[in-house]
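**Q** Take the given structure of chain A and dock chain B to it, following the hints.
These protein sequences, in sequence, are chains A and B. Under the UniProt record's numbering, the first residue of the first sequence is numbered 1, with each subsequent residue one higher. Under the UniProt record's numbering, the first residue of the second sequence is numbered 1, with each subsequent residue one higher.
Take these hints with a grain of salt, some might be off.
Unchecked claim - Derived DEER-like restraints, expressed as beta-carbon distance ranges:
| no. | chain 1 | residue 1 | chain 2 | residue 2 | range |
| --- | --- | --- | --- | --- | --- |
| 1 | A | PRO652 | B | ASP571 | 54 to 60 angstroms |
| 2 | B | TYR464 | A | GLU650 | 57 to 63 angstroms |
| 3 | B | ARG327 | A | PRO525 | 31 to 37 angstroms |
| 4 | A | GLU398 | B | ARG327 | 56 to 62 angstroms |
| 5 | A | GLY91 | B | GLY339 | 44 to 50 angstroms |
| 6 | B | LEU568 | A | PRO652 | 26 to 32 angstroms |
| 7 | A | TYR575 | B | GLY609 | 22 to 28 angstroms |
| 8 | A | PRO205 | B | LEU390 | 56 to 62 angstroms |
| 9 | A | GLY177 | B | PRO372 | 20 to 26 angstroms |
| 10 | B | PRO656 | A | ASP571 | 41 to 47 angstroms |
| 11 | B | ALA455 | A | TYR575 | 56 to 62 angstroms |
| 12 | B | PRO372 | A | LEU79 | 42 to 48 angstroms |
| 13 | A | GLY23 | B | LEU390 | 16 to 22 angstroms |
What the hints contain is simulated information worked out from the structure, not anything from laboratory work. No residue lacks a Cβ here, since even glycine has one placed at the ideal position from N, Cα and C.
Number of protein chains: 2
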Amino acid sequence: MEGLTNFYNPAGVAVIGASSKPGKVGNSIVKNMIQSGYRGGIYPVNPKDKEIEGLSAYPAVTDIPGPVDLAVLAVPARLVVDAAVQCGEKGVQNLVVITAGFKETGKEGLELEKELVAACRRYGMRMLGPNCVGLIDTHTPLNASFTKTTPIKGDIAFLSQSGATLIAILDWSRSVGLGFSKMASLGNKGDLSEIEFIAEAAGDPYTRVIACYLEDVADGRRFLDVVRQATRKKPVIILKSGTSQAGARAASSHTGALAGSDLAYDTAFRQCGVIRARSMTELFELAIAFSRCPVPGGNRVAIVTNSGGPGIVATDNVENHHLAMARFTKETIAELRAGLPAEAALYNPVDVLGDGKADRYRFALEKVCADPNVDSVVVLMCPTAVAQPLETTRAVVELAQKYPGKPVLGGYLGGESMAEGEQLMSESGLACFTFPEPAIAAISGLVRYGAFRDAPVAENDLDYPDVDQKAVKAVFYDVLRDNRLVLLGSEAAAVAKAYGIPSAPVTLATTAVEAVGQAEMMGYPVVLKVASPKILHKTDVGGVKVGLNAAADVRRGFTEIMENVNRLLPDAPVYGIEVQKMMPRGTELIIGMTRDLQFGPMIACGLGGIYVNLLKDVSFRLAHGLTRREIEAMLAETKAYTLLRGYRGEKPADLPALVEAVGRTARLVLDFPEINEIDINPVFAYNQGLSALDIKITISVS
Amino acid sequence: MEGLTNFYNPAGVAVIGASSKPGKVGNSIVKNMIQSGYRGGIYPVNPKDKEIEGLSAYPAVTDIPGPVDLAVLAVPARLVVDAAVQCGEKGVQNLVVITAGFKETGKEGLELEKELVAACRRYGMRMLGPNCVGLIDTHTPLNASFTKTTPIKGDIAFLSQSGATLIAILDWSRSVGLGFSKMASLGNKGDLSEIEFIAEAAGDPYTRVIACYLEDVADGRRFLDVVRQATRKKPVIILKSGTSQAGARAASSHTGALAGSDLAYDTAFRQCGVIRARSMTELFELAIAFSRCPVPGGNRVAIVTNSGGPGIVATDNVENHHLAMARFTKETIAELRAGLPAEAALYNPVDVLGDGKADRYRFALEKVCADPNVDSVVVLMCPTAVAQPLETTRAVVELAQKYPGKPVLGGYLGGESMAEGEQLMSESGLACFTFPEPAIAAISGLVRYGAFRDAPVAENDLDYPDVDQKAVKAVFYDVLRDNRLVLLGSEAAAVAKAYGIPSAPVTLATTAVEAVGQAEMMGYPVVLKVASPKILHKTDVGGVKVGLNAAADVRRGFTEIMENVNRLLPDAPVYGIEVQKMMPRGTELIIGMTRDLQFGPMIACGLGGIYVNLLKDVSFRLAHGLTRREIEAMLAETKAYTLLRGYRGEKPADLPALVEAVGRTARLVLDFPEINEIDINPVFAYNQGLSALDIKITISVS
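Looking at chain A on its own, in the form it has when it is part of the complex (with noise of 0.2 angstroms):
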């Protein structure tokens, strides 16, 4: 069941629940199919009409003559599903559901779309929808929608969640300018979703970027494994609402869907190589950069503008945005020197003065843009009184062809002055934007997604032959056989060894002699704890005794904590007492796992302690598909990485044992999908090596 095929250049379309009454979605859609100058048969199916917006009408899909490969629903719900089978029976290979009245509404909206999904895959049909807008391909063309416009030719795809929203982007691209390839509303994603449609887009020649607006993700797994893959082709760009709780809410209100948290959703598409954009008018900012400028070589910003202004709004940007102020070779600056103005700024950004023209723009350009430091442009301009924006936007165009490795944008500030200018960049291919923000921020994406895609493929490296599966298998098994989901902390500790995750050793004494011999054999200073998987707070019940030196204190220490949890809590069950060897202090640091229901094991790293919460200088990866590489990347998020590198003159801490710990913590919960959290804290980074203190696992009933 991958790819999709077919999907927008069908041989033969039908639209079922075809209309002839101006305003109805059936007729719409007749239209928009004639208009669009979709090539192949278009058969509109109505069992009343001989004849819709001048084409044959037919009773049922399987009466049709000629080959269809799609067929459009817009027929009522109760419909739906038998017109599916009928679609099956003609051996149709897609539908697009536009018809409403499933899931979204509820229960017996949810049974009806399964049937529906069934009737698919009996039949081995594909799906689009059901409660969608349609989809629209500009160059085949076809516009399977009832939209009120067709979109204008281009090379943006735009997927949609939203059919409101969809319909909205095409109505204001149009009066923009902006040009897709192809759209797709998803509806309720009830067979295809986001992935299949941006895997095809992926591979589709007229399509150079992809726009997405999301509400959720359809299979985190699959989207991290398919997405990935897209991203090496070409720059996918998503905005995923519902970021906040109550956009959550919001959403699963609106699609039925159950979301992943969003920081799982900002960690996927990290790791996926997406490009995510923090509001509507971003992703739209980013689709037209990203389908105009090439991807650069590195984030050396040059700013060639005529008022200071601007520049230096500019050059705030380059710096909020992590890019780099390109430093201009001596040649570039002394033949920058030899030809403007004594005023000019010669040094990015380069300011050719509020009385250049064309030519001085033309020969700033020219040597910033043939300058090797230099890796992008940005070409600022005010309407001064002499300001010719048509002359120089013809300056800027000549370049950005002859470097066609380096991205050169214009910020053009200013209206119908500067309205020439910037539809000439536009009809030139070339990225335009009235301020000089969102050219920064584009290059931004440009050099985020560049480092992505160039970055050599990950490895699967997280492999770790000496794992004692079968030893972990045992402490769940006797885990659950005692009706615990939370292991003691000397189980915890087993499943830690038998995955090679270095931790102080804690084992189980039941009487005093045990402890003792236990505590003889790891060597002192020792913990004693009491094991209950009721005492909470342990040192409240007198539960705890620290820094035991010697047998006589750990035997006291036994019989102590005995006699005060016997007396406060008589009633709460007792495994024994945990034995613990203390271990000297280290730089404290935090390894967890919390599994996102949409992405699966979500692995933390950071600072930790009892401030954990506090100072929350933790950084996150999905275990799927994360490498050694990815965690010392993840590693190198947190503050705490400086403390590791070793702060104010203190001796570095082992940094590959940490990454193997955090790499060996993340083949634990892959290889065991029962463990539901993992939370080891404090673990001491050593200058060698590294302990683990104390470990909680909980796991779930398989």
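**A** For chain B alone, coordinates are given in the frame of chain A:
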């Protein structure tokens, strides 16, 4: 020298350097003055022409028969000072100096500018510029600039430090239908600056909101005083560029101004109620919203939409901006349920569905606007097949008029389909954006402004009658006499003591006997530290002894430290040995002060200890105008605050004592401008009281 008189409404305007040649600046100004509809006398001054653009021209300003309040100078730079002097002789009140070639060109230009300013001072004239585009008032009307077009009449005052940006914004504003009450190009700010123009606009009945593009602030201290007053009257929105280090360099090469740190600007803006825009787009989105919306009574936002997607996006943004989604009353819900289709979403956002027409919007809006739990309303609309943008907008306008205290903003997604509706919104004085995000961002700005404006006026309540200024002066005198700028620990402790900042006792002992006596006085345990301005790493040379519990220990410690230091650093001057009482550990905080070039002393407080630079959990306030309530707000911004209030069962810290200590530190640095830096780290905060442990004070030669 306060305020502006007759700048925008002068009796008689001379244009010195007027020209009859089209394209010349001196010609554009005369034309603009004529075309503006200015009702007073316009007097071109040019020794060669008898008539310019149909007006009598005069050889010199002194030859003009009528009164001249304002002279616009566009003569070459070398002639400007003479022209200014003649204006002074004529009795001109105000100058607008368009001419460039002053401070911005370097040292000579700076001298010329000083001469010009001196000439103005001599005659009591005020000056805008030099090196500016001029100024415009659409209500007087008056256009004393060389802009190509005139702005649409409106109620936004725009002040711009960049002339080209002003020109660009003017050009752009006409294309988007945005109106201005006045525009001023500040140029080099040789005399007048944003300060006077903000104060003027605050009192201008035609101005509702003040928008500024600034690269620096002329006088930080006066800016604070004046703008704090202005923002009580009307909103001031500022885009301050040069925020990045690279941007500040670009700004400083541009204007030659010495910019304060961006953090200080951020703090200053917040403390005086300025809404800071983060981009040029946001500057005007906020300006539009402020000019068209009332300030809401609270932060509870209601959303009415005809499509789920944009509703979710808006909801996300409500949360991101720390606004609240309004919770409707039971009555509202019941009414909505009764009047809307079963599938409609009744809870916020209210979804009137894709088939919702104007009547359904009107119904929902009536209920939502009337709800007492709603402070502001966003109307989102997608161009669905049946959407009625114009009719819906009529309902929106009526309801906005019916509830004048509640902002009602539009987010009309689309292009041509929405144009009529958007236009009616604009004509009706309502704010309408193309996407949901700017509408929510605008409400966030309105809410923040309202909170500032409506807060009781802060009183200067940092007066501590018990402070001992003489004691501090004596310490500084001794330090300077000793040719030092860094205080010894004992000196710093004495300063703290004089200002009532609780600190661990520190004394300086020159003999072992003295040390023992001091230790006995303060009580054990104590720490000994070598006191020498030349020894920075005291521990490394054996210059520190901690945890001394008895006289014998102190005696031995004293001798050992002296021996160690004499052996390892025989040439270091040693003032003696500091005896400090060891204090019990508390929550580690930092209190600090750096002096900003523009805004003076800036107080910092937050999490202390050795990781202070790593964790960066510190918040800032300018000491000028600081109040106890502001200090409380400052503390509440830090993560440390969570600790101080009692984290994970710990006892809360003595917050009033901390507020007092911060306030006394602020008092100290306000009283002693010679204090350059203070760094008190750690401060131990206890359940009762606190104690400053390590106090570093650096002074400058005053």
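**Q** Under the constraints set out in the numbered hints, which ones does this structure not fulfil?
**A** 1, 2, 3, 7, 8 and 9
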